[in-house]
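*Asks:* Take these sequences, add in the hints, and give me the full structure.
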Amino acid sequence: MRGSPRPEDEALSSSPILQLNGATRVHGQGSLAVRALGPISIDVQPGEFVAVMGPSGSGKSTMLGLSGALDQPTEGTVCVQGQDLRTIGATRLAELRRQVIGYVFQDFNLLPGLTAVENVALPLELDGVRPRAAREEAQSALAAVELDELGARFPDDLSGGERQRVAIARAFVGPRQLLLADEPTGALDTITGDLVMRLMRKQCDDGRTTILVTHDASHAAWADRILFLRDGLLVDETGAVPSDMVSAS
Amino acid sequence: MPLLRVERRHVARNLTRSLLVVLLVAVPTAAMVGGSAFVSTVRRTVEDQRHGAMGRATLRVDGISAGDSVEKARASLPEGAVAEEVYTGIAVVERPGQRLRARSFSLAPSSLAPEGLASTMVHITEGRAPKIAGEVALSSRLLGALHRELGEFVDVDGEPSLITGVATVPEDLQLPVAVKAPGLPSPGAGRSLLFNIEPELIQPSIDGWSQEGAAIHRRSETGATDGFEALIVLVCGGFGFFEASLVIGAAIAVGMRRRQRELGLLGSNGAPQTAMVRALLLSTAALAAVGSLIGLALGAAVAHGMHPWLNDWTGRDVGALEIPFSFLALAFSLGVLSAVLSAWIPARSAVRLPIRTALSGQRPIPAGSRGFFRAGLGLAAAGSLCVVGGALLESDASGLFILGGAIILVLGLGTLSPWILELVAGAAGRLPVPWRLAVRDAGRFRARNGPVVTAVIAGMSISVLLGALSASVNQLMAARMPALTQNELRVVGTSAEAAAVAMSTDLGLEGTYRIDKKTLGGVERISWIVELPSEVTPELGEHAVEIASAFRGTSVTVGPPSDGGIAGFVRVVLGICILTGLVVVFVATTLSSIESAADSKILRTVGAAPGVLRQHAASRAAYLALLGCVLAIPAGLVPMAGLLKLSGASLEFAMPWSTLAITAIAMPAIAYAGTWASALVRPPGQP
Ligand SMILES: Nc1ncnc2c1ncn2[C@@H]1O[C@H](COP(=O)(O)OP(=O)(O)O)[C@@H](O)[C@H]1O
Ligand SMILES: [Mg+2]
Chain L
1 MRGSPRPEDE ALSSSPILQL NGATRVHGQG SLAVRALGPI SIDVQPGEFV
51 AVMGPSGSGK STMLGLSGAL DQPTEGTVCV QGQDLRTIGA TRLAELRRQV
101 IGYVFQDFNL LPGLTAVENV ALPLELDGVR PRAAREEAQS ALAAVELDEL
151 GARFPDDLSG GERQRVAIAR AFVGPRQLLL ADEPTGALDT ITGDLVMRLM
201 RKQCDDGRTT ILVTHDASHA AWADRILFLR DGLLVDETGA VPSDMVSAS
Chain B
1001 MPLLRVERRH VARNLTRSLL VVLLVAVPTA AMVGGSAFVS TVRRTVEDQR
1051 HGAMGRATLR VDGISAGDSV EKARASLPEG AVAEEVYTGI AVVERPGQRL
1101 RARSFSLAPS SLAPEGLAST MVHITEGRAP KIAGEVALSS RLLGALHREL
1151 GEFVDVDGEP SLITGVATVP EDLQLPVAVK APGLPSPGAG RSLLFNIEPE
1201 LIQPSIDGWS QEGAAIHRRS ETGATDGFEA LIVLVCGGFG FFEASLVIGA
1251 AIAVGMRRRQ RELGLLGSNG APQTAMVRAL LLSTAALAAV GSLIGLALGA
1301 AVAHGMHPWL NDWTGRDVGA LEIPFSFLAL AFSLGVLSAV LSAWIPARSA
1351 VRLPIRTALS GQRPIPAGSR GFFRAGLGLA AAGSLCVVGG ALLESDASGL
1401 FILGGAIILV LGLGTLSPWI LELVAGAAGR LPVPWRLAVR DAGRFRARNG
1451 PVVTAVIAGM SISVLLGALS ASVNQLMAAR MPALTQNELR VVGTSAEAAA
1501 VAMSTDLGLE GTYRIDKKTL GGVERISWIV ELPSEVTPEL GEHAVEIASA
1551 FRGTSVTVGP PSDGGIAGFV RVVLGICILT GLVVVFVATT LSSIESAADS
1601 KILRTVGAAP GVLRQHAASR AAYLALLGCV LAIPAGLVPM AGLLKLSGAS
1651 LEFAMPWSTL AITAIAMPAI AYAGTWASAL VRPPGQP
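First to last, the sequence lines map onto chains L and B. To convert, note that position 58 of the first sequence is 58 in my numbering; the numbers rise steadily by one, no gaps. Position in the second sequence (first residue = 1) + 1000 = my numbering.
What the hints contain is simulated information worked out from the structure, not anything from laboratory work. Even for Gly, the Cβ is constructed at its ideal location relative to N, Cα and C. Heads up, some of the hints might be wrong.
As the list claims (entries may be wrong) - Simulated coverage check for chain L against chain B, where a stretch passes if three residues somewhere in it have a Cβ under 8 Å from a Cβ of chain B:
1) 108-114
2) 117-131
3) 226-234
*Replies:* In structure tokens form, the structure reads like this:
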């Protein structure tokens, strides 16, 4: 079920989709300064599935926030598709979020006022796609997460697992290539969590890129690469876990 | 105690919402204090009525025929008692080419002195009272109309007279007044005697005068109280507090929703429900008390600031500013009480939420809106019926019926609003994202948004009502006296045609004249319009007045007709009401932006551009404002139509298009623009 790197991935490997270069995030100033992350340098290639692990407070969410421009580094640079996030304005950042970066959070972050299919279509509609076309595309994104039946429901009428799958469909809808997921299975039971992992793996196999923050080693095992953080620094990095270990778990 | 500490921290941390509660209590308190001070200062009290009718006297006897009976009465008066003689009638005051009529008084200067019995009936404000024949004191308006000043001469009742003073009737500042020297009444004037004695002490004389046909007025029997003004302040103030409580309730419900998890946590750690509710109510009461105090100070300050203008507005001398202290206490307690009452329901329902639901942060599934539909429709129908019934009944209670019907109608439309919100939310699928979210969320939180919409309806319906009144008054004025062009003069009266003919030639210009007929309330009014080839200058106007004065019972008007100040007053009140409506709309706006903070954050993560985020916040505000304003139109027009029907044929209903445009278009647009602009300052969705 997990593919080896495909030819086009090799060709693109010279231009990483995400690049952290000495990225550092310090909260506060002077004696009260808290170093939440870094300096840290990471390259993520298109099509990669990267898991980030580490104890609580080790800077995982901070790293994800920097990668998606929800937060700015105090030192170093963060580049998405070769663009330094610090150098682009708010309008272009919004465009980047509509067209390149998708987020999934532990608490789903769906708009309660929109139906499932409208939530998925949201980035497309905001990007100027015709409502009908956006809906059709959203519907097929929902089908990819096996939720095409429930498109007309509102988030309040969905279970936790279903909500998270809608969030994943939204994160991947349209041309978006980079999924940033912060403990997406944290609020889900094991079976639903596994289903969500399988969906993310499938998206990567289709050529998209995922960075997954997780506590759960069995979920991290779905990734191509695992980064370990401690006290804001990268302390270890492993390649893929052999597939027989995954099937054994 | 720990619960109170939690509350105190909460008040400090959510300063915007806390200040909102303070403001919401302060505004109606200030209005009530200012309003009651205004009313009790302006009000024509029984004592004012007595001063107008009989000055300082305890007894007034009208129509005594023979002079000697007065001398007899004076002689029989006990030590210290006085009787003063006053003639009142109509004087003709003239200067060449102009003839005016005035209320005339003829009395001794001593009666006009500060302790004189007539001094509160008519006043000398400048110069001195006339003492001998050939002297007169005139009111300042009359002096202005005649272009005369102190020390100049006019003809009074055919006698050339020196103007020695300026006279005023405190109860009617607009009244043209001529005070003449004692013993020189205008032709046909009536004679009165004023006494400063207890009537019982001269009972035999009184009986005698009665038999001669004189009219006896005892001070104790003159004048009548009516609690009407106090009732108006109470009703309007009550309405204000009702409106404020609706919004406070909504604000507190929003706050509760945001604290749902915290309340769940407190509950799961064993805080008793009653203690939690008590702590919430106490903190609200404290905020409300602060708001009430600010309101008291503000209201008193506004009343103080308004005082210098009151004489001009009311046309009478209102005297010193009166602030009724009983109303201060009432306004303060109403402010605190309405805030606490409006906090009670959301506080109780938030605390009663099952702890597990509260901790999960989920919103309880809203109840269906069928009940709102039935109750709202029922109330709206009942309110309209009350209005129609009141208008058709034409009894003393009609006004009360219409007022009550109006309030019930507002409540009914407000109760209906959750159902409308749900209905519109169901059809929002095709709207652009910001509007779709606004409409859907308003539908999801319909129970909480209902009170906000009701408050907007209540605030704006008064504006619509006054707008309709103003439009009707204007229509009446236009129908009665269509506006003249700059080249025209209007001549009315018994010899209007002859005067018009004279003017069209005698003004030295080649003028034309025509008849103008208007039927108003079944009566045909005829006037003549003289059209000149050039603009009517002030000199030409004066010349025309001179010509008209040559014809008996004929007068001429130049320029736009005066509406007696009614339209101006209505316009001022209308402006205040629109401002109040704006405050309510602004509050609704603030509330809905607090609501939309979470959604803004999500929108930002999926790549909504800054402009879309501003639209999102703005469309929520505009939607609630729009719904409230649109519903305010029937809520204002129906009672006004009823009131106008009641007023008889003279005032006819006119559609107040400009007010409707302000209500239905400008208000939502202002709500939209205001939120949009504030989102520029504080971009929504920032972490
Ligand atoms: N706004 C902030 N102010 C101060 N310190 C912060 C802030 N946000 C995060 N931190 C600190 O940064 C460190 C990393 O946090 P985070 O990235 O959320 O950790 P993780 O997601 O790995 O649990 C923590 O020690 C946290 O206390
Ligand atoms: Mg984290």
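*Asks:* Which of the numbered hints are not met once you compare them with the structure shown?
*Replies:* 3
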